[in-house]
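Undergrad: Protein chains in written order, with this note's numbering: chain A, 6 to 390; chain B, 6 to 390.
Treat the hints with caution; some may be incorrect.
[As the list claims (entries may be wrong)] Taking lysine-lysine and the DSSO-like style, the derived pairs with C-alpha atoms no more than 27 angstroms apart in a straight line are: (1) B:236 / B:171; (2) B:268 / A:171; (3) B:341 / B:207; (4) A:183 / A:314; (5) A:268 / B:171; (6) B:236 / A:268; (7) B:268 / A:236.
Derived from the structure by calculation, the hints contain no laboratory data.
Protein chains: 2
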Amino acid sequence: MKRLSILGSTGSIGQNTLEVISRYRDRFSVKALAVRNNVRMLEEQIREFRPEVVAVYDEAAASELKKMNPPVEILQGEQGLIEAATLDGVDMVVSAIVGSPGLVPTYEAIKAGKDIALATKEALVMAGHLVMPEAARRGVKILPVDSEHSAVFQCLDGTDMEEVEKIILTASGGPFRKKSVQELGKVTPAEALKHPNWDMGKKISIDSATLMNKGLEVMEAYWLFNVPVEKIGVILHPQSIIHSMVRFIDGSVISQMSVPDMKGPISYALSYPERFGNVLPALNLAEIGELTFEEPDMERYPSLALTYKALRAGGTMPCVLNAANEIAVEAFLDGKILFTDISRIVSDTMSEHTVARGETIEEVISVSEWAKQRAKEIVENNNGN
Amino acid sequence: MKRLSILGSTGSIGQNTLEVISRYRDRFSVKALAVRNNVRMLEEQIREFRPEVVAVYDEAAASELKKMNPPVEILQGEQGLIEAATLDGVDMVVSAIVGSPGLVPTYEAIKAGKDIALATKEALVMAGHLVMPEAARRGVKILPVDSEHSAVFQCLDGTDMEEVEKIILTASGGPFRKKSVQELGKVTPAEALKHPNWDMGKKISIDSATLMNKGLEVMEAYWLFNVPVEKIGVILHPQSIIHSMVRFIDGSVISQMSVPDMKGPISYALSYPERFGNVLPALNLAEIGELTFEEPDMERYPSLALTYKALRAGGTMPCVLNAANEIAVEAFLDGKILFTDISRIVSDTMSEHTVARGETIEEVISVSEWAKQRAKEIVENNNGN
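Given only the sequences and the hints, what does the whole structure look like? Please build it.
TA: Dropping the structure here:
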């Protein structure tokens with residue numbers, strides 16, 4: 006019986022995780038659930054999964070939940086998330102809080118020796134240089150939940166990294182793959198939120214449209230698989246059937262595919278090193294007919310180029326990129342900036358940053374806060390123009 | 006230093022094997038070479054690779070080689086092949102003799118405790134029920150050289166077979182994938198020999214056009230991976246980039262790809278469990294653009310259906326199918342029968358056979374001889390009509 010704490014249980018990954026768990030009640034128990042603010046859904050999850058504690062990040066929402074009087078201990082704020090992440094008796098933490106608030110609880114869970122099923126990209130993007138050595142020190146397994154990293158993890162299957170020539174992440178290219186760079190300036194948030202293959206949260210849907218999501222995944226792969234940035238490539242694959250691949254030094258390429266459904270990688274992270282049955286329907290390639298591939302056009306997707314630039318700069322630069330992007334995406338969703346402004350705001354913020362080492366989580370967070378503040382100012386100036 | 010004996014060194018697999026070895030002289034030495042009758046090429050190989058012994062199956066060709074007076078011991082006949090296959094000090098035998106003459110030397114090599122890099126399908130098709138238990142008893146590794154089985158082997162990578170839901174072999178569909186069943190009756194041997202992706206010997210090129218080759222590979226997979234026939238499927242994939250795949254119980258599919266070049270699987274069989282660098286050029290999927298997939302049409306490819314039927318019948322039936330097919334392909338290449346007669350002759354021969362257990366190699370061979378004889382008679386009667 007694996008005892009789980011699920012951070013971000015009402016998000017897309019969290020809900021899918023609970024759906025997988027509901028099929029394997031004999032294998033898993035839910036000890037803790039943590040959410041940002043969706044207490045209505047959390048209350049339902051409490052009734053169904055009977056956790057010992059729940060944590061609500063938003064204090065007002067926590068009060069609202071307390072009024073519902075659910076049969077569970079209720080924690081709140083960042084401290085609440087950390088307690089849920091480090092709870093005694095928890096074997097694995099599913100880290101699925103979107104954005105930078107996911108970093109500290111994930112880091113604390115690792116320090117407490119919990120294995121991590123990792124969906125929160127920010128933990129590695131912002132602080133991979135702190136998170137991975139800490140995990141190694143504690144003997145903690147970091148199991149990827151992103152479909153791409155799960156694919157790479159499955160393709161590698163313990164192979165000696167010296168035999169790996171390239172990790173190739175696939176990207177759908179998002180909803181605007183066919184649009185001209187000119188047309189991209191006019192797309193609306195509603196159009197950007199329509200991802201062709203995956204049903205996801207808002208932030209990640211916009212990041213998929215800009216390919217920033219893929220860039221963040223390049224950063225994640227860099228830390229998870231300990232490969233130089235030159236060994237990580239991206240290819241467009243609009244059908245999202247091949248979730249990623251690994252090319253070995255002999256020219257052999259191993260790829261992982263499935264119907265696009267997050268229950269696949271979630272289940273693998275939970276069941277590893279085993280596989281569970283009854284997770285996804287069989288992939289029917291004859292029915293799908295064709296899988297296509299293209300090189301990503303860096304002019305259409307400047308955010309992807311920025312991530313490589315940030316990763317090469319190293320230190321706190323990826324953290325700055327990530328923070329500026331959070332602000333820029335928010336501003337785009339609020340109708341304050343154009344789609345094409347997103348990467349420009351990120352780039353402008355990066356160009357004002359002097360790379361530091363980021364030797365503590367606190368330092369990383371303070372850099373992130375600086376970058377958010379600066380990006381907000383750039384957004385405002387943008388509108389002033 | 007791995008010491009090799011290469012059976013069938015002048016065939017397509019043999020030549021490619023020697024090309025791989027020539028790049029890794031510090032890893033391999035060639036102790037023995039064996040061929041059917043191409044002594045002119047063998048003589049060149051002797052000069053380049055300096056084996057201790059060579060074996061020539063055809064006695065007249067052996068005499069011809071002796072006249073060339075090469076600096077090597079020359080063996081001849083089936084006994085010569087067996088001696089080359091069981092030579093003291095040989096670690097691995099590359100079994101790449103086309104057709105049933107490959108069976109006995111391969112079996113004897115296993116009995117002598119040599120690891121096998123297996124290209125000769127017939128060893129498993131005719132006698133998998135004897136070969137595999139013998140290999141298990143002797144602790145002999147059977148490493149597949151067929152691109153499809155090498156792919157499956159790479160995808161499985163030691164996984165528990167209980168987690169495997171389906172092994173899916175890819176098939177190019179050969180040169181006649183777009184022809185109507187009526188048009189198939191009129192194709193010439195020259196047309197049938199033009200394989201779209203692979204440069205191979207004549208027998209295997211015709212078998213690729215009928216999909217009999219894929220059927221024989223289904224049989225090989227059955228023995229190599231110890232899975233029930235229901236768990237082995239075939240999908241058409243005309244580009245021959247994905248060499249095969251494995252679907253696991255959770256719906257995840259692992260596939261292996263590369264540019265279509267036999268040096269890939271050959272190198273993997275030789276280097277396993279390691280991988281060598283500098284084997285194949287990097288696969289460029291963006292350049293290839295698309296990979297397509299179709300269900301095989303059993304009306305166009307009756308030979309494939311026959312192999313499943315033979316495998317289900319079990320015992321000596323696969324051996325009969327294989328023997329009848331050898332004769333039918335030869336008759337087609339000689340212009341004696343139509344392309345569409347091949348499967349009919351195989352089917353007619355099978356329908357006259359009463360399945361036996363095939364408890365010894367001798368019994369298997371005698372059944373094979375009976376089937377060849379019977380198939381020849383059916384070919385003659387076919388022409389009489």
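Undergrad: It remains to establish, for every hint, whether it holds in the given structure.
TA: Evaluated hints:
1. Between residue 236 of chain B and residue 171 of chain B, the direct Cα distance comes to roughly 5 angstroms. Compliance with the 27 angstroms bound is thereby established for this hinted pair.
2. A threshold of 27 angstroms between alpha carbons decides the hint, and for residue 268 of chain B with residue 171 of chain A the separation of about 20 angstroms falls inside it, so the pair holds.
3. A hinted pair counts as satisfied when its Cα atoms are at most 27 angstroms apart, and residue 341 of chain B with residue 207 of chain B qualifies at roughly 16 angstroms.
4. At most 27 angstroms may separate the alpha-carbon atoms for a hinted pair to count; residue 183 of chain A and residue 314 of chain A meet this at roughly 25 angstroms.
5. Restraint check for residue 268 of chain A and residue 171 of chain B: satisfied, since their Cα atoms lie roughly 20 angstroms apart, inside the 27 angstroms limit.
6. Distance check on the hinted pair: residue 236 of chain B and residue 268 of chain A sit about 24 angstroms apart at the alpha-carbon level, within 27 angstroms; holds.
7. For the hint linking residue 268 of chain B to residue 236 of chain A, the alpha-carbon distance of about 24 angstroms falls within 27 angstroms, and the restraint holds.
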